[in-house]
Amino acid sequence: MGNKISLQEVECIAKLAKIGLTEEEKEKFSGELSAVLEYIEQLKEIDTKDIEPVSQVTGSVNVVREDVANNCDEDTRKKIINNFPEEKGGYVKVKQVM
Amino acid sequence: MRLNELTITEASDRLKNRDLSSVELTTACLDEIKKTDDKIKSFITVTENYALLQAEKADRKIKSGDEKDNLLLGIPCSIKDIILTKNVLTTAASNILKNYIPPYDATLISKLKNRGMVMLGKVNCDAFAHGSSTENSDFFTTHNPWDLERVPGGSSGGSASSVASDQCFYSIGTDTGGSIRQPAAFCGVVGLKPTYGRISRYGLISMTSSTDCPGIMAKNVSDAALLLKELAGKDKMDATSSDRKVDDYFEFIKNENIEGLKIGVPKEYFIEELDSKIKNAVQNAIEKLEKLGAEIVEISLPHTKYAVPTYYIIMPSEVSSNLARFDGIKYGYSEVKSQNSKVKSLEDVYLKSRANGFGSEAKRRIILGTYALSSGYYDAYYLQAQKARALIKKDFDNAFEKVDVIIIPTSPNVAFKIGEHSDNPLELYMEDIFLSAASLAGVPAISIPCGFAKPKNGNVEMPVGMQIIGKHFDEKTILKTANVYEKSGD
Chain A
1 MGNKISLQEV
11 ECIAKLAKIG
21 LTEEEKEKFS
31 GELSAVLEYI
41 EQLKEIDTKD
51 IEPVSQVTGS
61 VNVVREDVAN
71 NCDEDTRKKI
81 INNFPEEKGG
91 YVKVKQVM
Chain B
1 MRLNELTITE
11 ASDRLKNRDL
21 SSVELTTACL
31 DEIKKTDDKI
41 KSFITVTENY
51 ALLQAEKADR
61 KIKSGDEKDN
71 LLLGIPCSIK
81 DIILTKNVLT
91 TAASNILKNY
101 IPPYDATLIS
111 KLKNRGMVML
121 GKVNCDAFAH
131 GSSTENSDFF
141 TTHNPWDLER
151 VPGGSSGGSA
161 SSVASDQCFY
171 SIGTDTGGSI
181 RQPAAFCGVV
191 GLKPTYGRIS
201 RYGLISMTSS
211 TDCPGIMAKN
221 VSDAALLLKE
231 LAGKDKMDAT
241 SSDRKVDDYF
251 EFIKNENIEG
261 LKIGVPKEYF
271 IEELDSKIKN
281 AVQNAIEKLE
291 KLGAEIVEIS
301 LPHTKYAVPT
311 YYIIMPSEVS
321 SNLARFDGIK
331 YGYSEVKSQN
341 SKVKSLEDVY
351 LKSRANGFGS
361 EAKRRIILGT
371 YALSSGYYDA
381 YYLQAQKARA
391 LIKKDFDNAF
401 EKVDVIIIPT
411 SPNVAFKIGE
421 HSDNPLELYM
431 EDIFLSAASL
441 AGVPAISIPC
451 GFAKPKNGNV
461 EMPVGMQIIG
471 KHFDEKTILK
481 TANVYEKSGD
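So the sequences go chain by chain: A and B.
Throughout the first sequence, residue numbering follows the working numbering, covering 1 to 98 in sequence.
Throughout the second sequence, residue numbering follows the working numbering, covering 1 to 490 in sequence.
Check the hints yourself; a few may be wrong.
[To be verified] Here are the computed lysine-lysine pairs in the DSS-like style, where the Cα-Cα straight-line distance is at most 30 Å:
1. Lys34/B with Lys61/B
2. Lys337/B with Lys26/A
3. Lys98/B with Lys18/A
4. Lys277/B with Lys267/B
5. Lys79/A with Lys279/B
6. Lys49/A with Lys63/B
7. Lys88/A with Lys291/B
8. Lys305/B with Lys454/B
9. Lys39/B with Lys454/B
10. Lys344/B with Lys18/A
11. Lys417/B with Lys402/B
12. Lys330/B with Lys291/B
13. Lys456/B with Lys15/A
14. Lys337/B with Lys93/A
15. Lys44/A with Lys267/B
16. Lys342/B with Lys78/A
17. Lys98/B with Lys93/A
18. Lys245/B with Lys234/B
19. Lys28/A with Lys417/B
20. Lys78/A with Lys86/B
21. Lys98/B with Lys26/A
22. Lys28/A with Lys342/B
23. Lys279/B with Lys267/B
24. Lys291/B with Lys279/B
25. Lys57/B with Lys236/B
26. Lys57/B with Lys79/A
27. Lys277/B with Lys98/B
28. Lys417/B with Lys26/A
29. Lys68/B with Lys305/B
30. Lys113/B with Lys330/B
31. Lys277/B with Lys39/B
[Unchecked claim] Covered stretches of chain B (in silico footprint by chain A; criterion: 3 or more residues with CB under 8 Å from a CB of chain A, positions within the stretch not fixed):
32. 99-108
33. 225-235
[Stated by the list, open to error] Sample of chain B residues lacking proximity to chain A, with all beta carbon distances greater than 10 Å (derived):
34. Lys16
35. Glu24
36. Lys63
37. Asp66
38. Asn70
39. Glu135
40. Ala453
Don't read these hints as lab results, they were simulated from the structure.
From the three backbone atoms N, C-alpha and C, an ideal C-beta is built for every residue, glycine too.
Put together the whole structure using the sequences plus the hints.
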């Protein structure tokens, strides 16, 4: 019996998730995740006709706030910038996109 | 009795009487850590100097006579390494955050600092809280203080082991699908997962945002009640935190009358897979509560068996989204900084940073979640799981029309051996069968010790835990029930 998630599918999902995987990992995940998915299949037997999916469970609705930026103090700002792997003039530096 | 074995309230009384100092308490804990942690391995980081400074500060406050009512002042604790602590290494027990120094505190840390917390250090967990044993920590596995060959449970395993071994007075952990309750049961301590939204999530390294709950590990129920009162409440930094009234849990549980309390016992949880010794321990506890005045009602939670499969769709889906932020660009491990880096493109930075930064379980969950959310599968998996979740929640709503609390075991087995399940992720996921439903429904649950049982493959008696589950925001009733049981003695 073939795996529910094929090697090619694992590759394709890994690409979407932007994770590099080794050949061994692809092989391993294809097997393991297929087993997990088979187990999860049992959800299909539940009759969910007319059931609204939940998005929250404790009864809160539409918690909003003003869309305003709060400046942080200089010390915090420096610490955030210090965490950047690459930095230039206080900005995050990334590889060329275009 | 050694100082580090005291409870919070006992230690606080003696601090206030000037019988001992916070520095003495802190030193006793630090000595215990030095003596035992090379075997137990609770701590990723010990903040010795910082702890002693906080203790001296607390002693000055105590001396001045201010804050007489503040029972947390000068009491040493440990914090799960998934909770952000300003200027103190916070790793989520993951390689990708191995060197991460947060620029801010989680709200719960700010609250504890305001109450004069003495933080001894940051404790181990499964990386990103993905697991039930700490075996998924990218650094090392924590050992159960009762039997060092066994796991402490997880993901908050270091929190449980540090409290159980008296390395600290209490610990703050997180519970997304059982990560406080199960290690509390395995290590024989009290573990409280409050209602979703009761304690702010701001400053937690997110796992499953719709079920993540910070919570408490303590030596007894009254200490847990005290801590919940300090930590609960609305936080403008977490839109899902609740503005519901925070009760004075600590005072409330002093009333030990449970006459007429209705305890629901769901038949779906007393199943074959449940170790008979654990079943007996929990049933004895229920009988004891009955003798003390509670009324026992058999109830049904018909969708129980779907809780784990539902959780294993919703959780990885949210994980895949939450862990997208670890991309080698803003913070954490980045391939651009690695010595032999050959990254040329932005795409390479993402792919390689995540490939080398994440451990196996994080990758497994990201892949599964991305699959479940991808077009073509969304309706079959994620949407169906959110509908199943509605039914699981409805089960609890229906049950709580008839009863005040529900009692079930915390885990179907006692702590298992290190390595026993590590080759089979599905087997490990089965650890969650008694835990996932309360997380999905967002209801509060506390695990308390209710005896010991000898595992089939061992000779050491290990702690057994039982869970008391309550209505949304009704932590006071589960704490009261737990306290009455605890006080009834064994």
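Worksheet item: For Lys16/B, which was marked as not at the interface, is the minimum beta-carbon distance to chain A over 10 Å?
Response: Lys16/B clear of chain A: closest Cβ-Cβ about 35 Å, beyond 10 Å.
Discussion item. Taking beta carbons only, do three or more residues of the segment 225-235 of chain B come closer than 8 Å to chain A?
Written reply: violated (count 0)
Worksheet entry | Assertion that chain A covers the segment 99-108 of chain B - criterion: three or more residues, beta-carbon distance below 8 Å | With 4 residues closer than 8 Å to chain A, the segment 99-108 of chain B meets the three-residue bar; holds.
Worksheet entry | Given as non-interface: Asp66/B, partner chain A, CB spacing beyond 10 Å | Non-interface label stands for Asp66/B: nearest chain A Cβ at 27 Å, farther than 10 Å.
Worksheet entry | Pairwise hint evaluation, Lys15/A against Lys456/B, where the allowed Cα distance is 30 Å at most | Cα-Cα ~44 Å, so violated.
Worksheet item: Within 30 Å, alpha carbon to alpha carbon, are Lys245/B and Lys234/B?
Response: holds (9 Å)
Discussion item. With the threshold set at 30 Å, check whether the alpha-carbon distance from Lys277/B to Lys98/B stays at or below it.
Written reply: It is violated: about 41 Å lies between the C-alpha atoms, which goes past 30 Å.
Practice prompt. Sort out whether Lys267/B lies within 30 Å of Lys277/B, counting only the CA atoms.
Written response: With a Cα-Cα distance of about 17 Å, the restraint between Lys277/B and Lys267/B holds, given a limit of 30 Å.
Discussion item. Run the distance test for Lys34/B versus Lys61/B: straight-line Cα separation, threshold 30 Å.
Written reply: OK: Lys34/B and Lys61/B at ~28 Å, within 30 Å.
Fill in: Given pair status - Lys26/A, Lys417/B, alpha carbons within 30 Å
holds (28 Å)
Worksheet item: Is Lys57/B within 30 Å of Lys236/B, Cα to Cα?
Response: holds (29 Å)
Worksheet item: Is the straight-line distance between the alpha-carbon of Lys277/B and that of Lys39/B 30 Å or less?
Response: holds (29 Å)
The structure fails to meet hints 5, 6, 7, 11, 12, 13, 27, 29 and 33 from the earlier list, while all remaining hints are met.
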